[in-house]
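Given the sequences, and given the hints that come with them, work out the whole structure.
The listed protein sequences derive, respectively, from chains A and B.
Using our numbering, the first residue of the first sequence is number 3, and each one after it goes up by one.
Using our numbering, the first residue of the second sequence is number 3, and each one after it goes up by one.
To be clear, the hints were calculated from the coordinates, so they are not data collected in a lab.
Take the hints with a grain of salt, since some may be wrong.
In this list, chains with the same sequence are indistinguishable; a pair is considered to hold if it fits within one copy or across any two.
Straight-line alpha carbon distances no greater than 25 Å define the calculated SDA-like cross-link-like pairs of lysine to any residue that follow [said to hold, decoys possible]: (1) K194 - L237; (2) K60 - Y31; (3) K92 - P47; (4) K60 - T116; (5) K157 - E30; (6) K39 - D133; (7) K92 - Q128; (8) K60 - D133; (9) K157 - G252; (10) K236 - S190; (11) K157 - Q251; (12) K39 - D286; (13) K92 - D133; (14) K283 - G115; (15) K39 - T130; (16) K306 - D291.
Protein chains: 2
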Amino acid sequence: MKNFADALVRAIAEKNNPTVMGLDPRLEYIPEHIIEKANLNFDDPETSTAQAILMFNKELIDAVQDIVPAIKPQFAYYEMYGIEGLRALKATIDYAKSKGMLVIADAKRNDIGTTATAYAAGIIGQTTIIDGSTHEMIGADAVTVNGYLGIDGIKPFTDVCRESGKGIFALVRTSNPSAVDLQDLELSDGRKVYEAMAQKVEEWGVDCIGDEGFSSVGAVVGATWPEQAVAIRKLMPHAMILVPGYGAQGAGPDQAVASFTEDGRGSIVNASRSLMCAWMKRDDLAPEDFAKATRDEAINMKNKLNAALKDRKYV
Amino acid sequence: MKNFADALVRAIAEKNNPTVMGLDPRLEYIPEHIIEKANLNFDDPETSTAQAILMFNKELIDAVQDIVPAIKPQFAYYEMYGIEGLRALKATIDYAKSKGMLVIADAKRNDIGTTATAYAAGIIGQTTIIDGSTHEMIGADAVTVNGYLGIDGIKPFTDVCRESGKGIFALVRTSNPSAVDLQDLELSDGRKVYEAMAQKVEEWGVDCIGDEGFSSVGAVVGATWPEQAVAIRKLMPHAMILVPGYGAQGAGPDQAVASFTEDGRGSIVNASRSLMCAWMKRDDLAPEDFAKATRDEAINMKNKLNAALKDRKYV
Numbered sequence: 003m004k005n006f007a008d009a010l011v012r013a014i015a016e017k018n019n020p021t022v023m024g025l026d027p028r029l030e031y032i033p034e035h036i037i038e039k040a041n042l043n044f045d046d047p048e049t050s051t052a053q054a055i056l057m058f059n060k061e062l063i064d065a066v067q068d069i070v071p072a073i074k075p076q077f078a079y080y081e082m083y084g085i086e087g088l089r090a091l092k093a094t095i096d097y098a099k100s101k102g103m104l105v106i107a108d109a110k111r112n113d114i115g116t117t118a119t120a121y122a123a124g125i126i127g128q129t130t131i132i133d134g135s136t137h138e139m140i141g142a143d144a145v146t147v148n149g150y151l152g153i154d155g156i157k158p159f160t161d162v163c164r165e166s167g168k169g170i171f172a173l174v175r176t177s178n179p180s181a182v183d184l185q186d187l188e189l190s191d192g193r194k195v196y197e198a199m200a201q202k203v204e205e206w207g208v209d210c211i212g213d214e215g216f217s218s219v220g221a222v223v224g225a226t227w228p229e230q231a232v233a234i235r236k237l238m239p240h241a242m243i244l245v246p247g248y249g250a251q252g253a254g255p256d257q258a259v260a261s262f263t264e265d266g267r268g269s270i271v272n273a274s275r276s277l278m279c280a281w282m283k284r285d286d287l288a289p290e291d292f293a294k295a296t297r298d299e300a301i302n303m304k305n306k307l308n309a310a311l312k313d314r315k316y317v
Numbered sequence: 003m004k005n006f007a008d009a010l011v012r013a014i015a016e017k018n019n020p021t022v023m024g025l026d027p028r029l030e031y032i033p034e035h036i037i038e039k040a041n042l043n044f045d046d047p048e049t050s051t052a053q054a055i056l057m058f059n060k061e062l063i064d065a066v067q068d069i070v071p072a073i074k075p076q077f078a079y080y081e082m083y084g085i086e087g088l089r090a091l092k093a094t095i096d097y098a099k100s101k102g103m104l105v106i107a108d109a110k111r112n113d114i115g116t117t118a119t120a121y122a123a124g125i126i127g128q129t130t131i132i133d134g135s136t137h138e139m140i141g142a143d144a145v146t147v148n149g150y151l152g153i154d155g156i157k158p159f160t161d162v163c164r165e166s167g168k169g170i171f172a173l174v175r176t177s178n179p180s181a182v183d184l185q186d187l188e189l190s191d192g193r194k195v196y197e198a199m200a201q202k203v204e205e206w207g208v209d210c211i212g213d214e215g216f217s218s219v220g221a222v223v224g225a226t227w228p229e230q231a232v233a234i235r236k237l238m239p240h241a242m243i244l245v246p247g248y249g250a251q252g253a254g255p256d257q258a259v260a261s262f263t264e265d266g267r268g269s270i271v272n273a274s275r276s277l278m279c280a281w282m283k284r285d286d287l288a289p290e291d292f293a294k295a296t297r298d299e300a301i302n303m304k305n306k307l308n309a310a311l312k313d314r315k316y317v
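Structure representation (structure tokens):
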């Protein structure tokens, strides 16, 4: 990949769908028949747990791979299941890539200098091991990061972005209610903290702008704050924006498209629970057809987002 | 453990040493004889890599376990070596605990709601798996976190702190030069962003104060900013403070003790490279005796910190 932002913008255009499927698997989201199958086929419960997650993820990927451009696995839900959980994460990522989907690792990593270099190597880069060979450990196309430590913590990631065509999304304005605790504090120059962060992200990304006009150094801007999203887009005209908060977290399509550029590009909206758990709301489908519910909801979401982009409520 | 802050303050007092040994293993820090042994004993290079790290860590732990109260493994350096690297992380943590040391997981995790709950479960809590059994996946005593998302992202961790006697350290003022990028921005009320964060941390920790007077909701405050550390301690009279930046990052003992309370308690100073790589500066020792160099440097650091505490330069 030459430039992550180009690849993402083009994949969105090709599928006419600015959606990323969040894969945040909790065991209670997985239909019983998969749980039973996993329990039957593996001797130890840790492996069964991870295999249930992997079977669930794979069927979801199969169901949407032709209509959704990317997945976003949230690392916490794999790390909580230990070593086997991380195997399921890696296998999920490999599977999605084999189906032509882009992979955004939602890991929100942050540290300084050599430590940030190690995180970047592990998630979007390569690691040299004891025999001198280099390996992709996670092999994601992009990763979410937290910029509280400033450029020292970001540069090791942007180096990989520039050299290997990878991407990052730095937290600017998160979708949760207590985003206000820190991000909304007013600075002495009249800006809010999140506006200062937005300007930093635009600045960090100048060397990673692709042919489509967007930078591989992107930002996370929650759908739950649409007026702010409009303002943030003006501060970051080049950033790719990852938009959480749609669906289960409360934002609708009008809110979710607030950060898109005037020509309807440059952002991608995440849905996790509303896609993964769509089957729970479908009395007309057998649990074995859970992935059809996800596909139907993905089509529904795509249509709603595209309609909202035609008739923008927040500009 | 009833209260992490009590356990840490008492372990520091017992060993008369406010030092935590950072374990951030890079292959180039490991003496050649260990690399060779690992290469000889394991067939695949990923396992050899992880086993070399583990052998190195174990010898360092053996060398200091009676004089250093805690270790701080930095997750990035294990994650970069993939699944086998994470096995080495878990084995390192288990080994340190078996030797009576406390374990601070340096992972700087951050997310919202159920995701933060998943991170907390994986690192300092327990996870329920497919057969209903619960497991400690990492089993650390405390974890570093990033509070940019506000209380939504912190409460799932403080719940575990309160219920299971665990601890967190939230980033307030990091040790790196570009800490200034965001953390030093001035707010309209005259405070700096890091001061606002410090006040949040004190507030988040009120329910986790132990018998020794310190909260298990602690903070990270770099040794490289001693004047600010003095001011931050006043804003967070109860927080346990984890102090990075000593040694290789440039701060000396006088700087490192700036955040300690008047009676010389409540903070713990990290050293990673200066302890792990002490052997590289010792022409008088065979590489096989690398751990003795670490022990000597740990004693040296302990004496310097205690001397600096007797004659405070920053108050």
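Here is how each hint holds up against the structure:
Taking identical chains as interchangeable, the C-alpha atoms of K194 and L237 lie at most 25 Å apart whether they share a chain (12 Å) or sit on different chains (22 Å). Taking the shortest Cα distances, K60 and Y31 sit within 25 Å of each other inside one copy (14 Å), while across copies they are farther apart (40 Å). In this assembly of identical chains, K92 and P47 lie within 25 Å of each other by CA distance both inside one copy and across copies; the values are 19 Å within and 19 Å between. For the identical chains of this complex, K60 and T116 are inter-copy neighbours only, at 23 Å across copies versus 35 Å inside a copy, given an alpha-carbon limit of 25 Å.
Taking the closest pair of Cα atoms, K157 and E30 come within 25 Å of each other only across two copies (22 Å); inside a single copy the shortest separation is 39 Å, beyond that limit. Taking the closest pair of Cα atoms, K39 and D133 come within 25 Å of each other only across two copies (13 Å); inside a single copy the shortest separation is 39 Å, beyond that limit. Taking the shortest Cα distances, K92 and Q128 sit within 25 Å of each other both inside one copy (14 Å) and across copies (22 Å). For a Cα distance limit of 25 Å, the shortest separation of K60 from D133 across copies, 22 Å, qualifies, whereas the shortest one inside one copy, 33 Å, does not.
For the homomeric pair K157 and G252, the shortest alpha-carbon distance between copies (21 Å) is at most 25 Å, but the shortest distance inside one copy (34 Å) is not. For a Cα distance limit of 25 Å, the shortest separation of K236 from S190 qualifies both inside one copy, at 21 Å, and across copies, at 23 Å. For the homomeric pair K157 and Q251, the shortest alpha-carbon distance between copies (18 Å) is at most 25 Å, but the shortest distance inside one copy (31 Å) is not. Taking the shortest Cα distances, K39 and D286 sit within 25 Å of each other inside one copy (23 Å), while across copies they are farther apart (61 Å).
For a Cα distance limit of 25 Å, the shortest separation of K92 from D133 qualifies both inside one copy, at 22 Å, and across copies, at 23 Å. In the homo-oligomer, the alpha carbons of K283 and G115 lie at most 25 Å apart only across protomers (22 Å), although the nearest pairing inside one protomer, at 47 Å, exceeds that limit. Taking the shortest alpha-carbon separations for K39 and T130, only the inter-copy value of 18 Å comes in at or below 25 Å, while the best intra-copy value is 38 Å. For the homomeric pair K306 and D291, the shortest alpha-carbon distance inside one copy (23 Å) is at most 25 Å, but the shortest distance between copies (66 Å) is not.
Going through the hint list in order, the structure satisfies each hint without exception.
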